[in-house]
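Place chains H, S and A on chain B using the hints.
Here is what each chain is made of, one letter per residue.
There are 4 protein chains.
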Amino acid sequence: MTEQAGEHVHGYADNKDDHLRRLRRIEGQVRGIARMIEDDKYCIDVLTQVSAATRALQNVALGLLEEHMSGCVVDAAKAGDAEAAEKVQEASAAIARLVRS
Amino acid sequence: MTEQAGEHVHGYADNKDDHLRRLRRIEGQVRGIARMIEDDKYCIDVLTQVSAATRALQNVALGLLEEHMSGCVVDAAKAGDAEAAEKVQEASAAIARLVRS
Amino acid sequence: MTEQAGEHVHGYADNKDDHLRRLRRIEGQVRGIARMIEDDKYCIDVLTQVSAATRALQNVALGLLEEHMSGCVVDAAKAGDAEAAEKVQEASAAIARLVRS
Amino acid sequence: MTEQAGEHVHGYADNKDDHLRRLRRIEGQVRGIARMIEDDKYCIDVLTQVSAATRALQNVALGLLEEHMSGCVVDAAKAGDAEAAEKVQEASAAIARLVRS
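Residue numbers (the numbering used here), protein chains in the order written: chain B, 239 to 339; chain H, 239 to 339; chain S, 239 to 339; chain A, 239 to 339.
The set of hints was computed from the structure by calculation and includes no laboratory data. Small disclaimer: the values here were computed from a predicted structure and weren't measured. Hints may be right or wrong, so weigh each one.
Treat identical chains as interchangeable: a pair holds within one or across any two.
Derived DSSO-like pairs: lysine-lysine, alpha-carbon spacing no greater than 30 Å straight-line [said to hold, decoys possible]:
no., residue 1, residue 2
1, K279, K316
2, K254, K316
3, K254, K279
Pulled out of the complex, with its shape left as it was, chain B reads as follows (with noise of 0.2 Å):
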């Protein structure tokens, strides 16, 4: 199934705005960090906040993965099974570099 095919739509395409409003969000807390740097806070109350726009952009990602699963990936399955292969393999690649980040 490729990106350009007419009939294909991505399986977050339902979420497009849930999920650019969290990306506005972490943009903010990513400019938020960069203020307590420039205001000298303390080391520990910094990381606090990266560990928070860490966590809030893995919540994007597994939201992603999800509708990537109910979307591309069923759609793959139901096509056949060499484009079911390949979309699992492209996801389970996915799935790798997100839990190694």
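Leaving out everything else, chains H, S and A in the frame of chain B:
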């Protein structure tokens, strides 16, 4: 697709020996870490082995996840949307546990 | 050692510019991810960028932790055991949050 | 501070029994995961146990890290800046491995 349903075979069925071999090795790694502590080995060296065993466990999990997607999730997708949604939801929760562990 | 104590300088003081430069880049990465979603880019490609931004945030955290240990924890160790114990305990909690995020 | 230096006692010395007890339990968890695979248990249930064992291993690591900081790093800080720098650098590398595992 319940576990007991005669016709369902888990995604990992073809790789059981490989998983069992890895798990036996991880068991040995954990015993090795215990011996290092009994022998008063240097903390950092013990930590290096704990990270290696943690990584080996995650590799088992990543393998099981891929097999679950290519087996159970793909089978469910072919069976119907309700079955597919349930399997995707289960897989997503397992991925979240793995990312957060 | 409280944050307001005039004579204490945080461990990251010497690397502020480097941290700020990294954080600005991560801000840009997060905006880039949002644009990919607006442009309906393929889920896996978006996920790759989310993992990259997550990793970049963790690198900021690892740098701040090292600087905290070499600054605040070492200073506290020289000051006395009670101060050292407090700093070590704070650093350990920050490490646990980072490992679990 | 070399491992063999008579006067140095590792940070974990006081908690050896606790670490050994945890490691024995993790060994049992890993054996239990192998039995689940031999018994063809459902993939998701096996994955839940792998995440639990991974988390238990990380708890051992977090404990060892705290003890290393309060023992070896604090001792080194009292001994001198060069020793402290070496220990902090080692601890940071161990934290990075743990975060990335």
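Against the structure, the hints:
1. In this homomeric assembly, K279 and K316 come within 30 Å of each other (Cα to Cα) only across copies, at 22 Å, whereas the closest approach inside a single copy is 54 Å.
2. Proximity of K254 and K316 under a CA criterion of 30 Å is satisfied in both settings, with 24 Å inside one chain copy and 27 Å between copies.
3. Within a single copy, K254 and K279 get their C-alpha atoms only as close as 35 Å, which misses the 30 Å cut-off; across copies the closest is 11 Å, which meets it.
Violated hints for the displayed structure: none, as all numbered hints are satisfied.
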